[in-house]
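Asks: Input sequences plus hints: build the corresponding full structure.
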Amino acid sequence: MGRYLFHRAWQSLVTLVLASVVVFLGVRALPGDPALALAGEEATPEQLAAVRADLGLDQSLPVQYGRYVGQLLSGDLGESTRTGQPVADLVATTLPVTAWLSLYALVVAVALGVGAGVVAAVRRGRWQEWAVSTTSVVLLSVPSFWIGILAVLVLAVWAGLFPASGYVSPLEDPLRALWHLTMPAFVLGTAIAAVVMRQTRASMLETLSADFVRTARAKGLSPRRVLGRYALRNSLVVVVTVVGLQLGGLISGAVVTERIFGLPGLGRLTLDAVFTRDYAVIQAVVILVTAFYVVINLAVDALYSLLDPRVRVDA
Amino acid sequence: MSGVTRAADDGSGATLRGRAAEGAGSAFRALRARVAGSRDDDGASEVAAEAAPEKVFGPPLLEVRGLTVTYRTGEAEVPAVVDVDLTVREGERVAVVGESGSGKSTTAAALIGLLPGSGRVAAGTITFAGEDVTHASDARLLRLRGREVGLVPQDPMSNLNPVMRVGAQVEEVLRAHGLATGRAAKERAVELLGLAGIPDAARRARQYPHEFSGGMRQRVLIAIALACEPRLLVADEPTSALDVTVQRQILDHLEHLTEAAGTSMLLVTHDLGLAADRADTVVVMSKGRVVESGPAARLLTDPQHAYTQRLVAAAPSVSAARAQVRPGTRAVDRAAGPRRHDTADGAPVLRVEDVTKVYRVRGRGAGDVTAVDGVSFVVPAGTTTAVVGESGSGKTTLARMALGLEAPTSGRLLVGDDVVGEATGARRRAVRRAMQPVFQDPYASLDPTMSVERLVDEPLRVFGEGDRASRRRRVGELLDQVSLPRDAAQRRPAELSGGQRQRVAIARALAVEPRLVVLDEAVSALDVLVQDQVLQLLHQLQEDLGVAYLFITHDLAVVRQVAHAVAVMRHGRLVEHGSVDAVMSDPQEDYTRELLAAIPGAEFYAARAG
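In order, the protein sequences belong to chains A and B.
Numbers 1 to 315, taken from the numbering used here, label the letters of the first sequence in order.
Numbers 1 to 610, taken from the numbering used here, label the letters of the second sequence in order.
Hints were generated in silico from the structure; no laboratory data involved.
Keep in mind that the hints are not guaranteed to be accurate.
Heads up, incomplete: computed chain A residues facing chain B, CB under 10 Å, no partners named [to be verified]: (1) ARG8; (2) ALA210; (3) VAL213; (4) ALA216; (5) LYS219; (6) GLY220; (7) ARG229; (8) TYR230; (9) LEU236; (10) LEU307; (11) ASP308; (12) PRO309.
All values derive from a computational prediction rather than experimental measurement.
The C-beta atom is built at its ideal place from N, Cα and C for all residues, glycine as well.
Replies: This is the structure we're talking about:
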């Protein structure tokens with residue numbers, strides 16, 4: 001198992017290096033000249049050259065890449081071309097917001113998705129399955145921003161149950177943080193929950209008809225144990241795969257959700273950076289999100305080998 | 001006698017049993033004793049010699065009366081089991097024998113309230129140890145299952161939880177029924193695994209099912225079923241998925257364990273020979289009904305019901321001579337002049353010359369696997385050579401090489417004068433044409449989207465035979481040869497039965513008039529009666545068309561029925577090769593003897609023939 005994970009970690013590292021190359025080249029392939037943007041339209045060729053030398057843009061691409069990676073590794077994400085603030089500071093203030101929101105949304109997605117999926121599978125052909133399936137179709141087909149706006153209107157403006165916007169760190173005031181994050185987390189989480197529910201249901205139906213489930217029942221085990229230790233436990237590989245894949249959707253969903261609920265998170269930072277062509281910020285965010293994906297994939301692989309002993313042998 | 005008792009003879013069962021002792025029962029006991037004597041394994045030898053008194057069974061443990069089970073399909077309630085009576089006494093072993101769809105497994109499932117899907121008990125009663133459990137509460141059933149009735153399921157590969165350690169799967173039965181907790185449960189689980197015949201049980205208990213072979217997994221399932229020392233063990237085709245020698249070891253062991261504990265057993269099987277070997281009483285089911293029941297020996301030597309008679313007659317027998325073409329069933333009218341291959345010169349159609357196949361195993365530290373190791377033999381024209389072996393013996397790899405689907409690592413295979421895989425262009429087409437396959441599973445080997453006509457026509461089209469009209473005539477002719485009705489041409493495989501599908505596969509293989517047909521376990525998936533019919537058909541076709549067969553099988557019992565020569569394979573090597581008569585009646589190798597001895601019902605059939 002150790003060797004398997006080492007192998008996967010090594011692959012992840014290669015992925016990260018490749019991603020950094022793509023980001024590095026991608027930014028340089030964008031139309032526009034950062035030196036021109038910094039020095040201004042009126043700059044003389046000498047001034048431009050000076051700015052270029054200052055930014056290291058007069059060096060060859062491999063040398064530039066080397067410096068870029070060196071900076072990344074030392075935690076230096078550069079400075080915002082807009083405000084001059086260190087990108088690292090911007091990320092440090094916005095990342096926790098997105099992280100808390102994503103985590104909460106993930107809990108909502110897994111709890112609702114797996115729970116509803118199990119209910120739909122066990123109560124197959126009864127009204128519960130119908131209710132769960134219909135809800136999931138609705139959640140999948142209605143865009144989450146619309147649900148978000150509706151939630152703000154109904155729950156915040158009319159009913160006044162939740163605040164329409166704002167953010168409080170869970171580290172400062174957990175209850176108020178929960179109060180602020182609940183609506184965005186549900187808006188973000190339920191869309192993913194719908195996908196998780198469908199896959200859980202399908203996977204549960206398959207394992208429930210497996211021979212070993214029948215044998216478990218013939219052993220006289222309680223229905224709860226048969227459902228948990230046998231059916232659900234064997235469906236988890238599928239569930240983990242789906243959740244892992246959906247985490248990508250969590251980040252892009254966060255961009256929209258943070259906008260709607262006025263949360264000062266990474267999503268909003270990215271959106272603002274795109275609108276103002278703040279390349280240093282975009283570059284940093286893309287690298288961060290890529291690293292996040294890679295880590296999630298590694299975690300999913302690690303979970304596979306925890307969940308299914310058969311994965312452990314083929315390294 | 002006691003297996004199925006019409007309610008009337010309750011109470012007089014013991015006397016009936018006594019009378020049976022003087023009759024066929026004791027004869028069968030003696031037969032069993034001989035079987036036991038020839039076995040080197042444990043358990044069975046406990047059955048004493050001739051003088052063995054007939055077992056006297058206790059009071060009825062399980063009584064099934066008028067059991068009817070139905071499944072809902074759409075609006076209709078379709079009966080799967082109708083008015084079944086069944087009695088298992090304390091210490092008695094009852095076998096329920098039948099073909100697929102006979103309702104035998106449904107009956108077993110109904111006993112422990114585990115009917116699949118929409119199945120329900122529509123009528124009748126199930127009484128266990130004097131208590132009516134027909135419509136017992138869920139709580140009562142939980143205590144019944146595992147604790148009082150153990151189940152050994154059919155397929156060891158799919159019946160263990162793949163993500164749970166083997167030891168834990170035994171432990172949890174003990175825990176669920178409150179028989180042991182904590183360390184004690186762990187230790188008892190290891191002990192049980194050891195009793196079930198798993199060596200080094202303490203270490204293996206910490207392993208997962210995928211680290212066990214099929215036979216070892218079945219031992220785990222036996223340990224689970226017997227963990228709570230149930231009074232009744234329901235074994236549903238417990239060894240059908242296993243090799244014949246493993247099957248015998250497991251059944252011997254199971255017999256030993258249940259006999260020692262006095263456990264009653266309900267054995268569900270499709271194998272009449274196995275039932276004869278392992279049960280006191282046999283109940284024969286067909287189409288959801290019990291057609292006949294009685295002491296095993298009486299039922300098999302003197303079957304009363306027509307269905308049982310057919311079943312006994314069709315059971316492949318080691319001692320029976322090669323199939324005789326039964327009058328009136330000839331597929332091709334000789335006078336009409338079938339296109340028969342000339343087999344007079346006896347030239348071999350297939351020559352296997354020192355063939356070796358090595359598979360490279362992927363992954364670090366893994367060595368090579370030699371699937372076939374220096375095998376040589378010839379298949380003379382118009383005859384059948386059976387290749388026999390257990391799983392992993394290399395017999396299927398050999399078949400694939402003969403068909404040119406795999407290339408040998410060294411050595412060569414010749415069809416006529418052409419080396420398979422080396423011929424090119426027109427010669428290659430000729431080689432391909434000269435040999436055609438029929439595979440094991442007709443459900444998987446026929447394209448479900450094609451009509452029978454297209455399936456049979458396909459090889460003709462591929463080889464550019466004739467025009468549309470002549471091909472259509474040829475398809476009709478082929479359907480006649482395999483005894484399928486002409487109107488089957490427009491049907492699709494899903495609309496045909498298993499036996500009919502295999503006939504389509506045979507017709508397809510024969511379409512281009514091959515000189516050799518490679519049959520890879522071609523009758524293994526079929527019920528015994530259907531299997532018998534298909535073997536008859538193959539025999540006729542050989543007589544009429546002069547085609548040679550390479551008959552790959554794990555089932556030694558059918559070999560004598562179909563083959564002229566037999567090649568026994570083990571671990572990739574050819575262990576023994578010779579005429580069927582020589583090999584079967586005077587095997588030279590220990591392994592061949594072992595295989596022959598392991599065939600269920602071997603002694604019984606020998607007795608029948610003698």
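Asks: Compare the structure with each hint and give your call.
Replies: The hints, checked one at a time:
no. : hint   : in the structure
1   : ARG8   : violated (16 Å)
2   : ALA210 : holds (7 Å)
3   : VAL213 : holds (8 Å)
4   : ALA216 : holds (7 Å)
5   : LYS219 : holds (4 Å)
6   : GLY220 : holds (3 Å)
7   : ARG229 : holds (7 Å)
8   : TYR230 : holds (6 Å)
9   : LEU236 : holds (8 Å)
10  : LEU307 : holds (7 Å)
11  : ASP308 : holds (6 Å)
12  : PRO309 : holds (4 Å)
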